[in-house]
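Engineer: Sequence:
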Amino acid sequence: MGSPGASKRKYEHDQSDRDAATTTEDTGKRSRTIGPSLPPALAEKSASEDGSDSESSDDSDDIGPSMPPAGGTQSGSARASRDIDDAVGNHSNEQQAVPPVSVQSRRDEWMLAPPDQGDWTSRVDPTKLRNRKFNTGRSARGAPASHDSSTPWTETPEQKRRRLENEVMGIQQPASSASREPSSSKSASDKLMEKRLQSYSDKSQRKALYKEHQETANADKEQDDPSARPFDREKDIAGPGTIKKKLSFITYCPQYFQQAYTMAQASVSNILKSASLDLGPYEELYKYFHAHPELSQREESTSQKVAAHLSQLNAYEIYINIGGYGLAGVLRNGPGKTILLRADMDALPVKELTGLPYESSVTMRDAEGVEKPVMHACGHDMHMTCLLAAAETLANIRRAWSGTLIVLFQPDEERGGGAQAMVDDGLYSKVPLPDYVFGQHVMRMRAGRVGLRPGTIMAAADSLKITVYGRGGHGSQPHQTVDPALLAAHIVVRLQGIVSREVDPSDLAVVTVGSLQAGQTENIIADKAEIGLDFRTVKLETRQKIISAIQRIVEAECTASGSPKRPVFTPTRRFPLTSNDENVTSQLAASFETHFEDFDADTPRTNISEDFSILGTSQDLPCCFWHIGCIDPELWDKAQRGGSEIEEIPGNHSALFAPVIQPTMRVGVDTLCLAVLTFLKK
Numbered sequence: 001m002g003s004p005g006a007s008k009r010k011y012e013h014d015q016s017d018r019d020a021a022t023t024t025e026d027t028g029k030r031s032r033t034i035g036p037s038l039p040p041a042l043a044e045k046s047a048s049e050d051g052s053d054s055e056s057s058d059d060s061d062d063i064g065p066s067m068p069p070a071g072g073t074q075s076g077s078a079r080a081s082r083d084i085d086d087a088v089g090n091h092s093n094e095q096q097a098v099p100p101v102s103v104q105s106r107r108d109e110w111m112l113a114p115p116d117q118g119d120w121t122s123r124v125d126p127t128k129l130r131n132r133k134f135n136t137g138r139s140a141r142g143a144p145a146s147h148d149s150s151t152p153w154t155e156t157p158e159q160k161r162r163r164l165e166n167e168v169m170g171i172q173q174p175a176s177s178a179s180r181e182p183s184s185s186k187s188a189s190d191k192l193m194e195k196r197l198q199s200y201s202d203k204s205q206r207k208a209l210y211k212e213h214q215e216t217a218n219a220d221k222e223q224d225d226p227s228a229r230p231f232d233r234e235k236d237i238a239g240p241g242t243i244k245k246k247l248s249f250i251t252y253c254p255q256y257f258q259q260a261y262t263m264a265q266a267s268v269s270n271i272l273k274s275a276s277l278d279l280g281p282y283e284e285l286y287k288y289f290h291a292h293p294e295l296s297q298r299e300e301s302t303s304q305k306v307a308a309h310l311s312q313l314n315a316y317e318i319y320i321n322i323g324g325y326g327l328a329g330v331l332r333n334g335p336g337k338t339i340l341l342r343a344d345m346d347a348l349p350v351k352e353l354t355g356l357p358y359e360s361s362v363t364m365r366d367a368e369g370v371e372k373p374v375m376h377a378c379g380h381d382m383h384m385t386c387l388l389a390a391a392e393t394l395a396n397i398r399r400a401w402s403g404t405l406i407v408l409f410q411p412d413e414e415r416g417g418g419a420q421a422m423v424d425d426g427l428y429s430k431v432p433l434p435d436y437v438f439g440q441h442v443m444r445m446r447a448g449r450v451g452l453r454p455g456t457i458m459a460a461a462d463s464l465k466i467t468v469y470g471r472g473g474h475g476s477q478p479h480q481t482v483d484p485a486l487l488a489a490h491i492v493v494r495l496q497g498i499v500s501r502e503v504d505p506s507d508l509a510v511v512t513v514g515s516l517q518a519g520q521t522e523n524i525i526a527d528k529a530e531i532g533l534d535f536r537t538v539k540l541e542t543r544q545k546i547i548s549a550i551q552r553i554v555e556a557e558c559t560a561s562g563s564p565k566r567p568v569f570t571p572t573r574r575f576p577l578t579s580n581d582e583n584v585t586s587q588l589a590a591s592f593e594t595h596f597e598d599f600d601a602d603t604p605r606t607n608i609s610e611d612f613s614i615l616g617t618s619q620d621l622p623c624c625f626w627h628i629g630c631i632d633p634e635l636w637d638k639a640q641r642g643g644s645e646i647e648e649i650p651g652n653h654s655a656l657f658a659p660v661i662q663p664t665m666r667v668g669v670d671t672l673c674l675a676v677l678t679f680l681k682k
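Residue numbering for the sequence shown follows full-length UniProt numbering, starting at 1 and increasing by one per position.
Simulated from the structure, these hints should not be mistaken for lab results. As the structure is a prediction and not an experimental result, all values here were calculated from the model. All residues carry an ideal CB built from backbone N, CA and C; glycine is no exception. Hints are not guaranteed to be accurate.
Said to hold, decoys possible - Computed Cβ-Cβ distance ranges for the label pairs, DEER-style: (1) 287 <-> 494: 43 to 51 angstroms; (2) 304 <-> 514: 27 to 35 angstroms; (3) 556 <-> 642: 41 to 49 angstroms; (4) 642 <-> 312: 42 to 50 angstroms; (5) 514 <-> 480: 30 to 38 angstroms; (6) 288 <-> 566: 13 to 21 angstroms; (7) 353 <-> 288: 15 to 23 angstroms; (8) 300 <-> 653: 20 to 28 angstroms.
Please construct the entire structure, taking both the sequences and the accompanying hints into account.
Structural biologist: Below, the structure written as structure tokens:
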């Protein structure tokens, strides 16, 4: 037998001859079997080019690398393998695999040709565009087919759609554009589409927001150019760090904040409307309070009635006997701020003449032991009822707010000592220190109206008793006496000139002599006279001026009359100025304005006084106080049509003062609840 190496070489030589024959036989077949078929329009041209350059045509028509023949390797590869085996003496029986030679493919030009750039629809759709570099180079064969020469073999779906659309519209397209010069005219459908696109752009598209701000800033800059206006020191000589440029969009921000804040207030109002309480039982409670009034520092039964009602709510911690008969209820409802709502309880020594079914007929001894008739002639019975109803309402909607609520019922407001007495008795050591203090008062206004104003809303008041001395005697011998009645009369007349001659007319001040007492018998000249004096101011400097004027006038008149003793000034009551915190007032005004139809955010300042603000000023706490109307709307409207007849409607401290129960009570309850929800709403 021959050697194994010789047999192997002989076998490979025969195999390579067979591979060569197979390759020669299949040269023309591969171009026809591999890759997509050519369209009819290009088939003839492609065949002619294949005859002149078969090798180039074979490479160009193949898509992707050419497949190796059935033998697994070409003849050149077989010879190379045999030479390597001879050189290294490799006699292994394993066949060495030779990787196929990759052939770089090139796509046909008719597949790469871009659409006609004169066609508008092709320019609109970026997917229809191709870079012209795909149709250049030495390997490119022939001129690319134009858009107009497209046929069912080459046209795209978009071109087919447009062709059918033109046929329906009756627009004839030329068969080919090769025989005519390029034209700039457009088809009717192209013009129509272009017109619609332009119209859409004009109507719907706008400049970018940044571009608008930039143009506005440039316009402001041009307007502020020193060459276009007179010299301005502040603008043209601005110090370092001066900001002169304004961003236009900042001016729009307050509108959005105001809109959001208004929506928040509306939600507060909606919460309150959904929790509206049946006030029928409270109307009966109001009638009870009105029929059973108690004087200042004598409010024992009233305090007990209030405490009993609070205890029935099962929500409040109750603290009694603070500063006399004062009491407070505390509702702790989770984390948050603390708000104090206050109502006063005492009545006035007035004989009621209203004729109401629940008219007061009570009489009782005052602090000096004098028996007097008693009437709720200042609306404190309404204040208590509204606060109790608000306490129940807020307890019922505890899920809507978070924080602590204090409802405080104060004694001795009419004499001006109740608030200070409660503070001095350790009020804020018993209840939490509030963040805000709120209160209200019924006034001679149309029922349903709410009045609020920032700053001073109620005047300060000072009351004092002035005692002047004379020398008594028989009425038949006045030359032997010093008549204190005549002395007091001169003082009363001179006091009327303080406001009219010593106070600025634009300022608010009142001086009133409320009582004058001198002697008990007609034919006896008394030894002394007592003058009861009250004055109201809204400015501290005006108050000091009036006090000095009163002292000067009284002492001068005593000297002129030959009084044997110096006059004595005894202060009896002192009411501080009631001033509303501006920040708190603005927030409450927003809530009130949303909820009430009749709201006055700049109600007139009044000379009526309260000791309410002591609850806040004693601890430097922000306060807010407002007024609610209580006059029957029909009676008010009738008097308003008559002009000056409004002044004839009985007001506070009158024996005929009779607040209409509704809508006064509903408004009073809602204002208190809104004040709490405005600051404690979740």
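Engineer: All the hints need checking, so say for each whether the structure fits it.
Structural biologist: Hints and how they fare:
1. 287 <-> 494: 43 to 51 angstroms: With Cβ atoms ~47 angstroms apart, the hint holds.
2. 304 <-> 514: 27 to 35 angstroms: For residue 304 and residue 514 the Cβ distance comes to about 33 angstroms; the hint holds.
3. 556 <-> 642: 41 to 49 angstroms: holds, 46 angstroms
4. 642 <-> 312: 42 to 50 angstroms: The hinted range 42 to 50 angstroms holds for residue 642 and residue 312, with Cβ atoms some 46 angstroms apart.
5. 514 <-> 480: 30 to 38 angstroms: Taking Cβ atoms as reference, residue 514 and residue 480 lie about 32 angstroms apart, which means the hint holds.
6. 288 <-> 566: 13 to 21 angstroms: Violated, at about 50 angstroms.
7. 353 <-> 288: 15 to 23 angstroms: holds, 20 angstroms
8. 300 <-> 653: 20 to 28 angstroms: Between residue 300 and residue 653, where Cβ atoms are some 23 angstroms apart, the hint holds.
The earlier numbered hint that this structure contradicts is number 6, and it is the only one.
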